[in-house]
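Chemist: Residue numbers (the numbering used here), protein chains in the order written: chain Z, 1 to 145; chain Y, 1001 to 1145; chain W, 2001 to 2145; chain B, 3001 to 3145.
For the record, the hints were derived by calculation from the structure and aren't laboratory data.
Every value quoted in this text rests on a predicted model; they were computed, and no experiment measured them.
Incorrect hints may appear among the rest.
[Said to hold, decoys possible] Capping the alpha-carbon separation at 27 angstroms, the derived lysine-lysine pairs in DSS-like fashion look like this:
| # | chain 1 | residue 1 | chain 2 | residue 2 |
| --- | --- | --- | --- | --- |
| 1 | Z | Lys74 | W | Lys2074 |
| 2 | Z | Lys74 | Z | Lys39 |
| 3 | B | Lys3031 | W | Lys2039 |
| 4 | B | Lys3074 | B | Lys3031 |
| 5 | Y | Lys1074 | Y | Lys1039 |
| 6 | Y | Lys1074 | B | Lys3074 |
| 7 | W | Lys2074 | W | Lys2031 |
| 8 | Z | Lys39 | Y | Lys1039 |
4 protein chains.
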Amino acid sequence: MTPLQLVRQVTAITGFTHAAGVEVLAAEPGKVELGLARKPELLQFNGYFHGGVVSGLADHAAGAAATTALPAGKIAVTVDLHVNFLAPASGDRIVARASTLQVGNTICVVSVAVETETTSGPRVCAVANAVLRVVDMPSVQTPGP
Amino acid sequence: MTPLQLVRQVTAITGFTHAAGVEVLAAEPGKVELGLARKPELLQFNGYFHGGVVSGLADHAAGAAATTALPAGKIAVTVDLHVNFLAPASGDRIVARASTLQVGNTICVVSVAVETETTSGPRVCAVANAVLRVVDMPSVQTPGP
Amino acid sequence: MTPLQLVRQVTAITGFTHAAGVEVLAAEPGKVELGLARKPELLQFNGYFHGGVVSGLADHAAGAAATTALPAGKIAVTVDLHVNFLAPASGDRIVARASTLQVGNTICVVSVAVETETTSGPRVCAVANAVLRVVDMPSVQTPGP
Amino acid sequence: MTPLQLVRQVTAITGFTHAAGVEVLAAEPGKVELGLARKPELLQFNGYFHGGVVSGLADHAAGAAATTALPAGKIAVTVDLHVNFLAPASGDRIVARASTLQVGNTICVVSVAVETETTSGPRVCAVANAVLRVVDMPSVQTPGP
């Protein structure tokens, strides 16, 4: 399985990321890019993407970036997530770009930038750092027909 | 409007928290308790609540706790959110309890604990700290009939 | 060696904590209390304890609290540290109280409150959360005569 | 006063940064570079720079980077600091490079990388993000003769 296939599989079968409509735009070992299109159920009262949705996309991107850098059979689960919100997450889509800063046997550290696509071009609306723990991957079933 | 009414209104009209099904269990100035029942679209591949959903509930609870402590017409928006995940968010419901640590004219700091309800009783699955900025509340319309 | 002896030894031989004058006020498995008296070289331009000194005391307390909860021969090293500064660290002494939230085989999570002693009583000036990694303790020599 | 002069003044008169020996290597609006040479009183028991010292240098660099981006008469004080430790802070000197991610009227956000100088070249040993609050600068006296 390529990193792209792995991230697509985990993202597509996942309840939250599947229901939210997370798209895997790119994936290579240690680097993952996820997109999420605007939908009413992802917003807060002022019409921007909810901070929790931005955090969730960052968290998922961090987990995917770390996992694609690990040996087969290992998966990275988030230990802690720190998000700085820099600007309203407006626009029709947000994109999270995650890159590993450190890949160890027990710990990974990942940096994430989340951009909104505005009429005047892309703008970083949040940055996040995540620490993840390396665990054995549970057997993941491809959803059957 | 009481703190409880205010939090219920903001939570009910909000896309993400409305769609997710966030319940306002209690609210007083500076203290808010939110519940979220297990649903497939809130989970990750292993059947636990997704880290992004846990973060989103913590973020919303922090904003509500800070806002209820502010003068009327002011609202707190998250500047940064730090979540430590301590245990799998299993169980049928997660509950976030948020309390203000500091309420200032421009900045608030809030501490949040998220518990899961397990068969052996409640267990803290995450703790979070949020820094929020105080801004003028936009006019919020009650959804009409 | 008791937890108190262990923390005293590591604190006393350490360059930074020794030079700063960190005192070990109490230590039991998973709980440590450290004090630091005001000295000119610990302050910032406005006469309060420097944020870096507050962070350093919190970090050292977190490491000590985690290490005293681990089996002999293991030590906890900080992976990440998040500090919320709530009030100026004024007063003649600051005290950090650290308690473990989670003690695992590879990861520990510790919560810390730092208080200042003011004329109107103690006041929390900062709270911190730290994630630490469990490693084998290097052989530590007691400084010779 | 140029940004470089401002940062040198605040750093030189400050107890902690003066006593530790922090050098201002470069400063322009929104970007500051600080160096700190190895000394026994900055280390921990294993001979690396203490995590609190690394955090303190990052904190000071963040404050300086934000303050140089503000109008004259304003200063940025840290609200929260999040440090990810990536590698042992070994080597003879550590250097912190801070850049503003956001400069607002009430809040600034700064990103910092701390490098060690090793025999095989520079290596990032920590990254940090800080949120700072903008306040009026207290009158700062140049130390007299």
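Chemist: Does each hint fit the structure? Answer for all of them.
Modeler: Outcome of the hint check:
no., hint, verdict
1, Z:Lys74 <-> W:Lys2074, "25 angstroms, holds"
2, Z:Lys74 <-> Z:Lys39, "33 angstroms, violated"
3, B:Lys3031 <-> W:Lys2039, "30 angstroms, violated"
4, B:Lys3074 <-> B:Lys3031, "16 angstroms, holds"
5, Y:Lys1074 <-> Y:Lys1039, "33 angstroms, violated"
6, Y:Lys1074 <-> B:Lys3074, "25 angstroms, holds"
7, W:Lys2074 <-> W:Lys2031, "16 angstroms, holds"
8, Z:Lys39 <-> Y:Lys1039, "19 angstroms, holds"
Checked against the numbered hints above, the structure violates hints 2, 3, 5; every other hint is satisfied.
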